[in-house]
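Student: Just so you know, the working numbering puts 302 at position 302 of the sequence shown, and the rest follows in order with no gaps.
Watch out, some of these pointers could steer you wrong.
[To be verified] Label pairs and their in silico Cβ distance ranges:
id	residue 1	residue 2	range
1	L31	D133	43 to 49 Å
2	L367	Q52	27 to 33 Å
3	A168	P126	20 to 26 Å
4	R298	P350	53 to 59 Å
The hints are simulated quantities; they were obtained by calculation from the structure and are not laboratory data.
Just so it is clear, the structure is predicted and the values come from calculations on it, not from any experiment.
All C-beta atoms, glycine included, are put in the ideal place defined by N, C-alpha and C.
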Amino acid sequence: MRTVRLSPVDIVALGLMGLRVRRARAALSALGIAIGIATMVVVMGIPASSQQALRRDLQRLGTDLLQVSALPDQQPPVAFAEQATGMTRRIGPVTGASAMANTHCTIARNERADNSAATAVLATEPGILGLLDGTVRSGRWFDATTQRFPAVVLGAEAAGRLGIRDAAGGPQLYIGRRWFTVTGILDPIPLAPEIDRAALVGWPAAEQQLGFDGRATVMYVRSHDAAVETVREVLPATVLPQAPGLVRVTRPSDALAAKRVSESTFSGLFLGMAGVALLVGGIGVANTMVISVLERRREIGLRRALGAHRGQIRAQFLAESVALSLLGGVTGTLLGVVATVAYALHQQWPPTVPAQALGLGTGGALLVGVLAGVYPCMRAAGLTPTEALAST
Numbered sequence: 001m002r003t004v005r006l007s008p009v010d011i012v013a014l015g016l017m018g019l020r021v022r023r024a025r026a027a028l029s030a031l032g033i034a035i036g037i038a039t040m041v042v043v044m045g046i047p048a049s050s051q052q053a054l055r056r057d058l059q060r061l062g063t064d065l066l067q068v069s070a071l072p073d074q075q076p077p078v079a080f081a082e083q084a085t086g087m088t089r090r091i092g093p094v095t096g097a098s099a100m101a102n103t104h105c106t107i108a109r110n111e112r113a114d115n116s117a118a119t120a121v122l123a124t125e126p127g128i129l130g131l132l133d134g135t136v137r138s139g140r141w142f143d144a145t146t147q148r149f150p151a152v153v154l155g156a157e158a159a160g161r162l163g164i165r166d167a168a169g170g171p172q173l174y175i176g177r178r179w180f181t182v183t184g185i186l187d188p189i190p191l192a193p194e195i196d197r198a199a200l201v202g203w204p205a206a207e208q209q210l211g212f213d214g215r216a217t218v219m220y221v222r223s224h225d226a227a228v229e230t231v232r233e234v235l236p237a238t239v240l241p242q243a244p245g246l247v248r249v250t251r252p253s254d255a256l257a258a259k260r261v262s263e264s265t266f267s268g269l270f271l272g273m274a275g276v277a278l279l280v281g282g283i284g285v286a287n288t289m290v291i292s293v294l295e296r297r298r299e300i301g302l303r304r305a306l307g308a309h310r311g312q313i314r315a316q317f318l319a320e321s322v323a324l325s326l327l328g329g330v331t332g333t334l335l336g337v338v339a340t341v342a343y344a345l346h347q348q349w350p351p352t353v354p355a356q357a358l359g360l361g362t363g364g365a366l367l368v369g370v371l372a373g374v375y376p377c378m379r380a381a382g383l384t385p386t387e388a389l390a391s392t
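Working from the sequences, and respecting the hints, build out all of it.
Tutor: The structure is reproduced here in structure tokens:
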């Protein structure tokens, strides 16, 4: 008898025919693979987008920013020297310095309410916004004139807490038994989250209206990149000569980087969950293929009787298993990419999907298809023509 040869195209067509005949079962089996692959792509894509956002933020905000503050829980609270800002600006590598201080005043929408526990009232020098590369979402920032009047600018989070969405119309706030007009609302400042939660008033206005003593409690300093560590060492003695040990100097960019790292610590856990989902999907594919072999024993026997050899039977069912897994893999990859892009845009991150995530999605599906199809195709090829045709 002449050997019957099947081209790769014929084998693929036979494999796809099995999926077309049992569409519902194929779709449910592919769903398990799709969930696993989608989870894998999302787990790799979201941390990559977060890291890209971190690089963007650090590139925009710079790593040359230092925050100078007193050690917490000091009684009485520590305040810097009166000329601390001016002395800091005279340090050679320093390119800019600005200060703020907690006035310890209450703030509310009216005389009876009190929101002081949630929102700090900070006396602020006008230059601090430019030093932090902050932007105004609504209204305007302090200038040489408004910093002397009872005006207040709200951080992004503080505005939400106080129920003020727009500075238009000049809403009023009751601060330290004085009425202040809201003249601006800021966008979030990544390197200074304490400003997001605060209400800011001009330095002269705080002295005149709120009884502020004029001594800073927090400073932000910019210096040349190469001299950041040198400046960091001399700042405590500069701002508080009598007790430099009570001064803490930190770099906000380090805290931001640590925060982003901590946010991605669960990536390994979710990657494990993706592996479990992929395993479950693979078992589903294997189960589908075993049932397919049992249901199609007459077809297998007829093909064997017409001249198909064991290798062709193996190739047919293996192709069907791989096609089923690739269907789930491609679907899962697309779902994972869409979910990653949607989440990144929601977080205002640049969407980033690593190439290895796409490769692992397709490759993982292919591997699952091969492994899930080995036993069913071997079982199908092991059937003799008479045994297969005699089955009911």
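Student: Decide, hint by hint, whether the structure agrees.
Tutor: For each hint, the structure was consulted:
| no. | hint | verdict |
| --- | --- | --- |
| 1 | L31 / D133: 43 to 49 Å | holds (47 Å) |
| 2 | L367 / Q52: 27 to 33 Å | holds (29 Å) |
| 3 | A168 / P126: 20 to 26 Å | holds (22 Å) |
| 4 | R298 / P350: 53 to 59 Å | holds (56 Å) |
Hint compliance for this structure: every hint is met.
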